[in-house]
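Participant: Read off the chains here:
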Amino acid sequence: MSEMLFEIRDLRLSFADLAHKPLFGAAPRIEVLKGLNFDIPRGDVIGIVGGSGSGKSTLGRAMVRLLDVDSGQIRFDGTDISQMDEATLRPLRRRIQMIFQDPMSSLNPRHRVATLIAEPLRLHGFDQVAERVDFALSQVGLPLAFRNRYPHELSGGQRQRVGIARAIATEPEFILADEVVSGLDVSSQAQVLNLLEKLVSDMGLTLGFISHDLSVVRRLCKTTLVLHQGKIVEQASTQALFDAPQAQYTRDLLDAIPLPEVTPGWLD
Amino acid sequence: MSFLELKNLNARVGPLPILRDVSLQVAPGEVRALVGESGAGKSMIGKAILGTLPDAIRITGGEILLEGEDLQAMSPKDRRRMIGAKVALIPQDPLTALNPARRVGPQICNRLVDILGWRRREAEARVIELLHEVHIPAPERVMRAYPHELSGGMRQRILIASAFAAEPQLIIADEPTTALDVTVQKQILRLIRDMQARHGTALLFVTHDLGVVSKLCQSMTVLFGGKVLEDTSVDQFFSAPDHAYSAALLAATPKYTDPGGSLMPVPEATIHAVEAEIAAHDLAHQTETVRQ
Ligand SMILES: Nc1ncnc2c1ncn2[C@@H]1O[C@H](COP(=O)(O)OP(=O)(O)OP(=O)(O)O)[C@@H](O)[C@H]1O
Ligand SMILES: Nc1ncnc2c1ncn2[C@@H]1O[C@H](COP(=O)(O)OP(=O)(O)OP(=O)(O)O)[C@@H](O)[C@H]1O
Ligand SMILES: [Mg+2]
Ligand SMILES: [Mg+2]
Chain A
1 MSEMLFEIRD LRLSFADLAH KPLFGAAPRI EVLKGLNFDI PRGDVIGIVG
51 GSGSGKSTLG RAMVRLLDVD SGQIRFDGTD ISQMDEATLR PLRRRIQMIF
101 QDPMSSLNPR HRVATLIAEP LRLHGFDQVA ERVDFALSQV GLPLAFRNRY
151 PHELSGGQRQ RVGIARAIAT EPEFILADEV VSGLDVSSQA QVLNLLEKLV
201 SDMGLTLGFI SHDLSVVRRL CKTTLVLHQG KIVEQASTQA LFDAPQAQYT
251 RDLLDAIPLP EVTPGWLD
Chain B
1 MSFLELKNLN ARVGPLPILR DVSLQVAPGE VRALVGESGA GKSMIGKAIL
51 GTLPDAIRIT GGEILLEGED LQAMSPKDRR RMIGAKVALI PQDPLTALNP
101 ARRVGPQICN RLVDILGWRR REAEARVIEL LHEVHIPAPE RVMRAYPHEL
151 SGGMRQRILI ASAFAAEPQL IIADEPTTAL DVTVQKQILR LIRDMQARHG
201 TALLFVTHDL GVVSKLCQSM TVLFGGKVLE DTSVDQFFSA PDHAYSAALL
251 AATPKYTDPG GSLMPVPEAT IHAVEAEIAA HDLAHQTETV RQ
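So the sequences go chain by chain: A and B.
So in full-length UniProt numbering, spot 86 of the first sequence is number 86, and the numbers just go up one at a time.
So in full-length UniProt numbering, spot 72 of the second sequence is number 72, and the numbers just go up one at a time.
This is chain A alone, in the form it adopts within the complex:
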């Protein structure tokens, strides 16, 4: 067992720019991740913050290998998974889960909540599926009656919690949570964050937490990484980052947070 759960080395990823594809020949590439390096120790909660389009979701999807990378290494528990094929990855998928940014589009609209949560359990050969589904629902604070609902019968925040229940059901070692609390009110937010914290402290979960809500990041994450245009501009303990931000971009982020108090002229 490696002390570092993830070691990312010179990770690069680009997309084909189809809008600029010439009539003949290959489309030009847009570089989205431009050589990232960082480690995630076991049991850490790492915040990933940065501007819209800076590459946070892309980084997340690369780490859980939903995207192929151009080059570089993604070592998970000591093994480089960056070039692994699907068959080799299969047993690892139970240990690495992602909760997606757009809850509606990541849930099959034709399946009921119970089926959605059961899906990864079945895929990885778990027993007592029904009990595990109920347990996951109760952990995210959804009534058991929601088992029979379809995604379109839920509010935005309720759908978000179904996505979370689905990810925690297989008891993974690593969860990458992409903007999971941004659609939630403070009570549901507190409930979900307390749950994630509990999974970290009791079950040894390691958490990657993509969020634009810096108040939540400050409260939840031990270390924080700031991404700007595909590069890491700052990486520090969360406390150091908030107390003495080094990069100009980090300072801009902190300045733009709207605190819940009336401040005339704030928008000017």
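A portion of the hints provided could be inaccurate.
[Claimed, not checked] If you want the footprint, here are the derived chain A segments under chain B, 3+ residues with CB under 8 Å: (1) 43 to 51; (2) 121 to 135; (3) 147 to 159; (4) 252 to 259.
Since the hints were made in silico from the structure, they are not lab data.
Backbone N, C-alpha and C define an ideal beta-carbon position, used for all residues, glycine too.
Put chain B with the ligands on the given structure of chain A with help from the hints.
Facilitator: Frame of chain A, contents of chain B with the ligands only:
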């Protein structure tokens, strides 16, 4: 006169109340926040106004007035025309609002072309101009992209731009900045405020983010379990909220300047008290119906 007025609006799914005697008003040019926890019925209010409630949900009483005209008394065609010309929605889930199989540009120009009868070229030029304003780099490229090729925040900004394109008189914005980082959020809030000031657009701003409310809105409606708990000015809410639930909500909101602050939900006792208040309302309402 209010531009939009809901009078004692009630809605149910089966026997279950989703909206309970909801009344609220938005004056021309007013920016009103609609806050409340997940499942409180915020999106349903927006959908009731637009006439896009899911089939399972029925309006069982009350009025929805736009410029004094009762929307529910209109023919579906007239209603669509009036809404199309005067109201725009920024939807909560940007990915589902866009057809994944079609390029972004034509989709967002459709409202201008189909409902308002603009020429496609005019519509495109206007949208590109607005994409610049919401700080989308290379708008021409983005117009030709498919939704999955864009980041979450880009999709959200595209929908914001298309809502403003036809200069509607009322915008219903359902959590429009949730997927945005704070620097872009601030730009967007500024943009909304400027456009709103320039065109006198009224705004019903659905959100759970009290930070955003405090910076953008003038008035607010606090919703819980489909019932309005408090209708107040933003100044009043942030200095001395009237309802115990509002005070608890404010106290539970995390602040990055207060790292030791606990992530405590609204206390259960407060929730129970509100639930009791709602149960009492339902009971009174029932006896009323029986008496009628
Ligand atoms: N499948 C794709 N094809 C082409 N470009 C893509 C694709 N997916 C993402 N991109 C581009 O990669 C960049 C980074 O996108 P990403 O979704 O990682 O941003 P993000 O940091 O998560 O932003 P947000 O905070 O808005 O969600 C964007 O410019 C986006 O347009
Ligand atoms: N088609 C449906 N059938 C049955 N119940 C529904 C349906 N759609 C929504 N609901 C319920 O109606 C209630 C109000 O939903 P609504 O989407 O308005 O909540 P919301 O306040 O917008 O919450 P959020 O902040 O999570 O988006 C919720 O309890 C939801 O579960
Ligand atoms: Mg993203
Ligand atoms: Mg909603």
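Participant: A separate judgement is required for each hint: does it hold in the structure or not?
Facilitator: Do the hints match the structure? See the list:
For a cut-off of 8 Å, the count of residues in the stretch 43 to 51 of chain A with a CB near a CB of chain B stands at 3, and the three-residue condition holds. Requiring three or more residues with a Cβ within less than 8 Å of a Cβ of chain B, the coverage given for the stretch 121 to 135 of chain A is violated, as only 0 such residues are present. Counting residues of the stretch 147 to 159 of chain A whose CB lies closer than 8 Å to any CB of chain B gives 6, which reaches the minimum of 3, so the coverage claim holds. With 7 residues having a beta carbon nearer than 8 Å to a beta carbon of chain B, the stretch 252 to 259 of chain A meets the requirement of three or more and the stated coverage holds.
In terms of the numbered hints stated before, the structure departs from hint 2 and from no other.
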